[in-house]
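There are 2 protein chains.
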Amino acid sequence: MSEESKETRHMLAAIDERNAEQFLLCAETMHYADLAEIYESLTEEERDFFTSNIDMEQFAEVLADLPDTLIEETIERLEPAEQREILDQISDDDRVDILQDVSDDARERLLELVEPDDIEVTKSLLKYDESTAGGRMTTHFASIHGEMTVQQALESLRKESEETESFARVYVIDAKDKLCGYVRFRDLAFNLPETIISDFMRPVKRFILASADQEEAAQMVSKYDLFVLPVVNEQHRLLGIITHDDVVEILEEESTEDMEKMAGFSGEGSEETYLNTPTMIHFRRRFPWLFGLAILAIASGIVMIKFEDVLNSLFILSLFLPMVVAAGGNTGGQASTMVIRAMALGELDQDSIIRVAWKELRLGLMLGALLGTGMAIITITFVPMFYHDMPAEIGFTKFAIAVAVALAIQITSSTLVGSLLPLGARAAKIDPAVIAAPAITTIVDVSGMVIYFFVAKAILGL
Amino acid sequence: MSEESKETRHMLAAIDERNAEQFLLCAETMHYADLAEIYESLTEEERDFFTSNIDMEQFAEVLADLPDTLIEETIERLEPAEQREILDQISDDDRVDILQDVSDDARERLLELVEPDDIEVTKSLLKYDESTAGGRMTTHFASIHGEMTVQQALESLRKESEETESFARVYVIDAKDKLCGYVRFRDLAFNLPETIISDFMRPVKRFILASADQEEAAQMVSKYDLFVLPVVNEQHRLLGIITHDDVVEILEEESTEDMEKMAGFSGEGSEETYLNTPTMIHFRRRFPWLFGLAILAIASGIVMIKFEDVLNSLFILSLFLPMVVAAGGNTGGQASTMVIRAMALGELDQDSIIRVAWKELRLGLMLGALLGTGMAIITITFVPMFYHDMPAEIGFTKFAIAVAVALAIQITSSTLVGSLLPLGARAAKIDPAVIAAPAITTIVDVSGMVIYFFVAKAILGL
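Residue numbers (full-length UniProt numbering), protein chains in the order written: chain D, 1 to 462; chain H, 1 to 462.
Keep in mind that the hints were calculated from the coordinates and are not lab data. Among the clues, some could well be false.
[Stated by the list, open to error] Lysine-lysine pairs mimicking DSSO-like chemistry, simulated, CA-CA at most 27 Å apart:
{"id": "1", "chain 1": "H", "residue 1": "Lys223", "chain 2": "H", "residue 2": "Lys306"}
{"id": "2", "chain 1": "H", "residue 1": "Lys306", "chain 2": "D", "residue 2": "Lys306"}
{"id": "3", "chain 1": "D", "residue 1": "Lys223", "chain 2": "D", "residue 2": "Lys176"}
{"id": "4", "chain 1": "D", "residue 1": "Lys6", "chain 2": "H", "residue 2": "Lys398"}
{"id": "5", "chain 1": "D", "residue 1": "Lys6", "chain 2": "H", "residue 2": "Lys205"}
{"id": "6", "chain 1": "H", "residue 1": "Lys223", "chain 2": "H", "residue 2": "Lys176"}
{"id": "7", "chain 1": "H", "residue 1": "Lys306", "chain 2": "D", "residue 2": "Lys398"}
{"id": "8", "chain 1": "H", "residue 1": "Lys127", "chain 2": "D", "residue 2": "Lys178"}
{"id": "9", "chain 1": "D", "residue 1": "Lys6", "chain 2": "H", "residue 2": "Lys178"}
{"id": "10", "chain 1": "H", "residue 1": "Lys178", "chain 2": "H", "residue 2": "Lys223"}
{"id": "11", "chain 1": "H", "residue 1": "Lys6", "chain 2": "D", "residue 2": "Lys223"}
{"id": "12", "chain 1": "H", "residue 1": "Lys457", "chain 2": "D", "residue 2": "Lys306"}
{"id": "13", "chain 1": "D", "residue 1": "Lys429", "chain 2": "D", "residue 2": "Lys457"}
{"id": "14", "chain 1": "D", "residue 1": "Lys223", "chain 2": "H", "residue 2": "Lys176"}
{"id": "15", "chain 1": "D", "residue 1": "Lys457", "chain 2": "H", "residue 2": "Lys306"}
{"id": "16", "chain 1": "H", "residue 1": "Lys6", "chain 2": "D", "residue 2": "Lys205"}
{"id": "17", "chain 1": "H", "residue 1": "Lys398", "chain 2": "D", "residue 2": "Lys306"}
{"id": "18", "chain 1": "D", "residue 1": "Lys178", "chain 2": "D", "residue 2": "Lys223"}
{"id": "19", "chain 1": "D", "residue 1": "Lys176", "chain 2": "D", "residue 2": "Lys123"}
{"id": "20", "chain 1": "H", "residue 1": "Lys457", "chain 2": "H", "residue 2": "Lys429"}
{"id": "21", "chain 1": "H", "residue 1": "Lys178", "chain 2": "H", "residue 2": "Lys159"}
{"id": "22", "chain 1": "D", "residue 1": "Lys159", "chain 2": "D", "residue 2": "Lys176"}
{"id": "23", "chain 1": "D", "residue 1": "Lys398", "chain 2": "D", "residue 2": "Lys306"}
[Claimed, not checked] From chain H, some residues computed to sit far from chain D (all C-beta separations above 12 Å):
{"id": "24", "residue": "Arg18"}
{"id": "25", "residue": "Gln83"}
{"id": "26", "residue": "Gln100"}
{"id": "27", "residue": "Lys178"}
{"id": "28", "residue": "Leu179"}
{"id": "29", "residue": "Asp187"}
{"id": "30", "residue": "Ile196"}
{"id": "31", "residue": "Val248"}
{"id": "32", "residue": "Leu275"}
{"id": "33", "residue": "Arg286"}
{"id": "34", "residue": "Leu290"}
{"id": "35", "residue": "Leu317"}
{"id": "36", "residue": "Val339"}
{"id": "37", "residue": "Val356"}
{"id": "38", "residue": "Ile380"}
Glycine residues also receive a C-beta, built at the ideal position from the N, C-alpha and C atoms.
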């Protein structure tokens, strides 16, 4: 790792001194991912220096690695001739990604610059949404025909060798591009030249429709340890492949997005690194939920006002009020995290709802009973040490029982709410990750107040 | 996908009827990942039927795909002869994984069953912890020597063809197994047979030490879009490779673990699916944090008791108390999620602490100012409609200002706490994900109470 940071330091020094010669020398040996990271951290003028000095063939790869939000302003820095070169050098799927990230105006302008022999595939890929299997796939797969001999197959592959992204799987297609099977590249290298492909090709058991969600593709690759996942259309025509690096990217994106939603952020997961995201963007993504939840939280205050007389008649109740309320938020948050993650990993379908409810109900009862008992013991042991105004008709035991019962009810109901709300959200076609910890905490805060005061009133006769 | 569930349904029917013939027929065509999922969902007697009928060669793969917690009880179901066959059939890294998952007793017993020609590599791999690059790597990589011709290289690879996991990268090593470079398999297939390997081999720029953390390996593969990551020892000897499916597994494990820790779970992320994890295990993983946080939450209650006179002299303060407290938890949770995820993706090092603090301080001030202003407006507009007991010397405007100021201070401080605590945790070698939403919420609940009552006292002169 230290070698990379040395490279990066040299590069940053070259940019700082506006030393074009040194800059090119550094860039030559660097990986596009490191260059993209450096570019992201530069000021406006430094970025101008970067783009006007770097080799366009290399910059095509850097550009494809930049976060979505930087694509348009970066490509606008370039001359039309440079834009044309970039669009020519870049792979089909990266070209389409870039075109999908820019404004409609810019897309029309850039499409005019795409070379005639690339325009058809570009336009056909543009039809697929970015988050579908079709939007993620690359069209540079290796394909041969079943009636070829091994020698013919190798010759046909050799011609496309530099363009092809992965030779891990060589797909066998028919005259209409329909997917018939696959061979491993090593099968070609280790078979006799005159062997016919269809004699030893294997069936393709797993493939995905171009219109399917990218998350489904990632789940299949992950579950079945696939090297490459072929993407087909309704007619079983092979359109492209999803490779391991796409899957890694999808998994990281989806996990980040889920975590952010679970913490109450608006909008899509940001691809930019935390520090390089402008403060205003952070602000806009965090504010709406905060404000909404704050309004909701006033409901808890209204409950407190309504039960003013209960609280005033036995103010020691305040000692455990925040605890009972917070315990509901914590257990509800745990339950929702479990369920949301299980859904993201494809473990729960709509039929599981009864099993989930039953499991969480038992869990809630167990957690509630044990925590309630623990708190009752703590109450009876410690509260009499410093509190001497307990009315005789109530007594510490009754008080402890009230706290314990309220806590147990609050925990059981919150566990159930936390596990079922995300499932309900999915049934209502809302992203379950949105109904996570912050929303659930706010909801069970209100119910916790109500439960606590009702139980206190009932058991202590206030 | 529907084809898979049909297979699964047939299989479950065969198990239900204890129909061994049908069972074997189904198993033959099924993927080990599906078989493992089915096995996980079976009862004790069904599992016995499963293990006593399935072909041991196939069961070796199923076993390697089972969650850690099921490994020991599953392998104990088998006869020693079957265990021996499994240990022989399985790949080196899976064998070591299994041995690492069982108790010390079982490990000693199983090691005796390992074939003599596998025992050395097994023992050497057992030295690496499961969560290191060395613990994750497979030793079935393709390697050749630089002085070989292409023809010699292909012949040597052909012999190992069935054992080798990935031919995407063929590594070139010297007589002492030191890593010298790599060639792509297609380079071999498309070069003349008499070409010398060292004439066209490429340098290996990225590799990892066997002792490095698995997360570091996954981050390298993800950042640099690698096919395969070579694992070396201190002497640069090539020991193994980490492939795409290891990386996918590492990423899913680490994301699940982070999410669970962020929601307050104890222990390691569970590999078992949510529904198949026994309720008692869920209970044990959730209870400790819930109990600890409940004890901490009593501190909030103590603050309330201490400020009893402030609350009693102006009970309408209760209306906004839960909101101010909860807003801190929400904004602190957002900040910590951002920072923890950025750390997990390798974006933040220890030096970034000042930049993070500065960013979150500005964000906190902006969020606090805007939310405070919003709440002040709401207070002045709506509270006078139903509350008629506001003392004249205080008035609604002063009251609204007190609420707004307390809210702004609470949000600013909570944002800062939420972002800095995870960084502090890492500096103190505590896993930052542990110091996430639930812990931060509980901490800022207490500080929120204190801030609210102090500000109310100061501004309203109570």
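Verification of the supplied hints:
For the proposed pair Lys223(H) and Lys306(H), the alpha carbon gap of about 53 Å is over 27 Å, so the pair is violated. Only pairs whose Cα atoms come within 27 Å are accepted, and Lys306(H) paired with Lys306(D) is accepted, the gap being roughly 22 Å. This hinted pair does not check out: Lys223(D) and Lys176(D) have alpha carbons roughly 30 Å apart, beyond 27 Å. Of the supplied pair hints, the one linking Lys6(D) and Lys398(H) is violated, its CA atoms being roughly 58 Å apart against a limit of 27 Å.
Pair hint Lys6(D) plus Lys205(H) holds up; C-alpha atoms about 14 Å apart against a cutoff of 27 Å. Taking the CA atoms of Lys223(H) and Lys176(H), the gap is about 30 Å. The hint is violated against a cut of 27 Å. Between Lys306(H) and Lys398(D), the direct Cα distance comes to roughly 23 Å. Compliance with the 27 Å bound is thereby established for this hinted pair. Only pairs whose Cα atoms come within 27 Å are accepted, and Lys127(H) paired with Lys178(D) is rejected, the gap being roughly 49 Å.
As the CA atoms of Lys6(D) and Lys178(H) are separated by approximately 24 Å, the hinted pair is consistent with the 27 Å bound. The hinted pair formed by Lys178(H) and Lys223(H) meets the criterion: a straight-line CA distance of about 25 Å does not exceed 27 Å. For the hint linking Lys6(H) to Lys223(D), the alpha-carbon distance of about 17 Å falls within 27 Å, and the restraint holds. Under the criterion of a C-alpha separation no larger than 27 Å, the hint pairing Lys457(H) with Lys306(D) is consistent with the structure, at around 23 Å.
Using a Cα cut-off of 27 Å, the hinted pair Lys429(D) and Lys457(D) is violated, with the two alpha carbons roughly 40 Å apart. At most 27 Å may separate the alpha-carbon atoms for a hinted pair to count; Lys223(D) and Lys176(H) exceed this at roughly 37 Å. Under the criterion of a C-alpha separation no larger than 27 Å, the hint pairing Lys457(D) with Lys306(H) is consistent with the structure, at around 23 Å. Simply put, Lys6(H) and Lys205(D) have alpha-carbon atoms about 14 Å apart, close enough for the 27 Å limit, and the pair holds.
About 23 Å separates the Cα atoms of Lys398(H) and Lys306(D), which keeps this hinted pair within 27 Å; it holds. For the proposed pair Lys178(D) and Lys223(D), the alpha carbon gap of about 25 Å is at most 27 Å, so the pair holds. Between Lys176(D) and Lys123(D), the direct Cα distance comes to roughly 20 Å. Compliance with the 27 Å bound is thereby established for this hinted pair. At most 27 Å may separate the alpha-carbon atoms for a hinted pair to count; Lys457(H) and Lys429(H) exceed this at roughly 40 Å.
Proximity of Lys178(H) to Lys159(H) is assessed by CA-CA distance (about 21 Å); at most 27 Å being required, the pair is judged to hold. This hinted pair checks out: Lys159(D) and Lys176(D) have alpha carbons roughly 21 Å apart, not beyond 27 Å. With a C-alpha separation of about 23 Å, the suggested pairing of Lys398(D) with Lys306(D) holds against the 27 Å cut-off. Against the 12 Å criterion, Arg18(H) stays outside the reach of chain D, whose nearest CB is about 25 Å from its own CB.
Interface exclusion of Gln83(H) from chain D stands, the closest Cβ pair being 24 Å apart, more than 12 Å. Separation of Gln100(H) from chain D is adequate, the least Cβ-Cβ distance of about 20 Å exceeding the 12 Å criterion. No Cβ of chain D comes within 12 Å of the Cβ of Lys178(H); the nearest lies about 18 Å off, and the non-interface call holds. Annotated as non-interface, Leu179(H) keeps its C-beta farther than 12 Å from every C-beta of chain D; the closest such distance is 15 Å.
Here Asp187(H) does not stay apart from chain D, with its beta-carbon only about 9 Å from theirs, under the 12 Å limit. With a cut of 12 Å on Cβ distances, Ile196(H) stays outside the contact zone with chain D, its closest approach being about 18 Å. For Val248(H), the non-interface assignment is contradicted: its Cβ lies about 5 Å from the closest Cβ of chain D, within the 12 Å cut-off. A cut-off of 12 Å between C-beta atoms contradicts the statement that Leu275(H) is not in contact with chain D; the least separation is 6 Å.
With a minimum CB-CB distance of about 5 Å to chain D, Arg286(H) fails to clear the 12 Å threshold, and the non-interface call is violated. Not every CB of chain D is more than 12 Å from the CB of Leu290(H) (nearest about 6 Å), against its label as outside the interface. Non-interface call for Leu317(H) relative to chain D: violated, since the shortest CB-CB distance, roughly 9 Å, does not exceed 12 Å. Not every CB of chain D lies more than 12 Å from the CB of Val339(H), the least distance being 7 Å, so the non-interface label is violated.
In this structure Val356(H) is not separated from chain D by more than 12 Å, as the shortest Cβ-Cβ distance comes to only about 7 Å. Under the 12 Å C-beta cut-off, the non-interface status given to Ile380(H) relative to chain D holds; the minimum distance is some 14 Å.
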